[in-house]
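Assemble chain B onto chain A, guided by the hints.
Order-wise, the sequence lines are chains A and B.
Take my numbering: the final residue in the first sequence is number 1795, and no numbers are missing along the way.
Take my numbering: the final residue in the second sequence is number 1294, and no numbers are missing along the way.
If the Cβ cut is set under 8 Å, some of the chain B residues that face chain A in the computed set are:
#1 Tyr1121
#2 Ala1125
#3 Val1127
#4 Leu1129
#5 Leu1138
#6 Arg1150
#7 Leu1152
Derived DEER-like restraints, expressed as beta-carbon distance ranges:
#8 B:Phe1146 x A:Ala1627: 26 to 36 Å
#9 A:Thr1462 x B:Arg1049: 49 to 59 Å
#10 A:Gly1609 x B:Thr1105: 57 to 67 Å
#11 B:Thr1105 x A:Trp1769: 55 to 65 Å
#12 B:Ser1183 x A:Ile1481: 42 to 52 Å
#13 A:Pro1552 x B:Val1053: 47 to 57 Å
#14 B:Tyr1156 x A:Pro1552: 43 to 53 Å
Here are the simulated DMTMM-like pairs of lysine to aspartate or glutamate, each with C-alpha atoms no more than 25 Å apart in a straight line:
#15 A:Lys1660 x B:Asp1174
#16 A:Lys1660 x B:Glu1164
#17 B:Lys1079 x B:Glu1272
#18 A:Lys1660 x B:Glu1176
#19 B:Lys1065 x B:Glu1044
#20 A:Lys1709 x A:Glu1612
#21 B:Lys1144 x B:Asp1114
#22 B:Lys1265 x B:Glu1037
#23 A:Lys1660 x B:Asp1114
#24 A:Lys1660 x B:Glu1159
#25 A:Lys1660 x B:Glu1111
#26 B:Lys1215 x B:Asp1074
Hints were generated in silico from the structure; no laboratory data involved.
The beta-carbon is built from N, C-alpha and C at its ideal position, and this holds for glycine as well.
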Amino acid sequence: MSTTTAVDDRVATTSSFTRLMRRPEIGAFMGALVVYIFFALVDQTGTFFSLDGTARWTDVASTYGIIAVAVAMLMIGGEFDLSSGVMIGSSGLFAGLLITEYNIAVWPAILMTFVFAAGIGFTNGWLVVTTGLPSFIVTLAMFFSLRGINLGVTKVLTDTVRVAGVDEGPDGGMRPGFESAEAVFASTLTQYNFRIAVVWWIALTVIATLVLTRTKFGNWIYAVGGDANAARNVGVPVRRTKIVLFMYVSMSSCLVGIISLTRLKSMQAGQGVTQEFIFIIAAVVGGCLLTGGYGSAIGGTIGAAIIGMAFIGIAYAQWNTDWTWLFLGLILFAAVFTNSLIRRRFQGARR
Amino acid sequence: MTEVSTNEPAALALENVGKRFGSVIALQDVSMSVPKNQVTCVLGDNGAGKSTLIKILSGVYTPTEGQMYVNGEQTTFNSPREALDNGIATVYQDLATVPLMAVWRNFYLGNEPTKGFWPFRGLRTKYAKESCKAEMAQMGIDIRDPEQPVGTLSGGERQAVSIARAVHFGANVLILDEPTSALGVKQSGVVLKHIRTAAESGVSVVFITHNPHHAYLVGDNFYLLNRGRMLAEYTKDTVSREELVKAMAGGAELDALAHELGAET
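Extracted from the complex, chain A is given alone in its bound form (with noise of 0.2 Å):
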């Protein structure tokens, strides 16, 4: 990172650690430390410190993991989505129905359900930059309008709110194809458990952070959320940047639509639905700026991993586990205001 050319005396005030403290996620990352102490010191069953306890809590992450540094993504690139949750479900249910009720094979149908995906993230950002409207408004439309959706057309094929039997083949044996898909999505790895949706997170995360940081297209993100007009003005293409992002967002919904389905071999309608949140709540916990612009992928899987300690965390230490959603809401508005409180610190002032 620190590029050692012509010494300047007036870079001297930016030390490595005043650059550190400027990364985005700091705030999340000391959180993140905390957190993970407490934890380990309030466990009452010995294991969260445990290679066993870490594959718990990892499981949880990931699944918000992959889709917060979506989420993230979108955020530096100055939008919302508020239907990330809920295609969690629509994913899991139009893979779950073209298999099972039309037979189409499992490899083909995961492929339609990831065209299927980017044609709702397309149609959300399409909606965003030709309306105008706030995404808030679009994605809440597009959340509730899958809602009905997915209850309503899972009702109607299979007469029950769940899709299930995607495993079994139609003479009875294991449906042809189903074991290399999960494989793919839902294998477990080592003597530990440790879930392989945790290399799906690690590996988006480290793919989503190059993207941002050294790529044009993460330049034009950072661009496209912190000023749109002057972006415009330079000649980066906003209205396909957003879209672009709208897609990604869809679409790792449906890659963890697709684990779920692999995973559990069916898929409730009312799957995924309030979820969106949670991711939004990562991607704030890990820095990234409401209003845009501002923000990391890096972000984004550390405000993910507090939550997976969190939800593992206080089963482990044997509490009632309701008390999870005050640790959120106590998590956010702490990382928020912190992050704040070390911006103005160590940025200096901003107009």
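For chain B alone, kept in the frame of chain A given last:
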């Protein structure tokens, strides 16, 4: 018209251009030409239609009437990108940079230097930071740290980032929207000097301002815009500064201007 424009086509020209927004006529019957390697000033008070004119020249608006010529060829721009592709770069008064982004990221925004092949095409971050610093130094602005957000720079430095950026990316025509209006005396001087250097190095400059003193210092041709119409047209050898100031102010605020004049000369 000047003699130059008869020999070779103007870098940029408008012919009877008009722009309406519904029933509002923002510009009407505006003709102007921007000769190559010269500084063409457009003077006008608030509400004269300067902003609309800039937006037409830079491709943000498409005119509702009239024609536009680039190097003598008729052209229409449907987006700022198309204007940029034709070598027309615009530096906006306040909408030019993204405050939260690092200086070097702003400098290369929309023209990012990359290397490698898709999907592994990455930014040349080290090169970008160094060349941004060098480019700014050439303009007389020594930025401390290319990583610092543009929002922490002063107004003049921000303007300098935008101008240096446009010149660096080989603009043939540089449109400057009130580049000196938010600057101190010394920084205005630096910017004006840079406008002159740019013109001498082969860039045609459109300098939009409400300050006739600044315009007269660097301009070759002057257009006076008022209430959406082109009122008058001068060249440097046919007009004196006093005449320009008088035409611009319409005699109304001469006292205040005389004071300003006295302070400057």
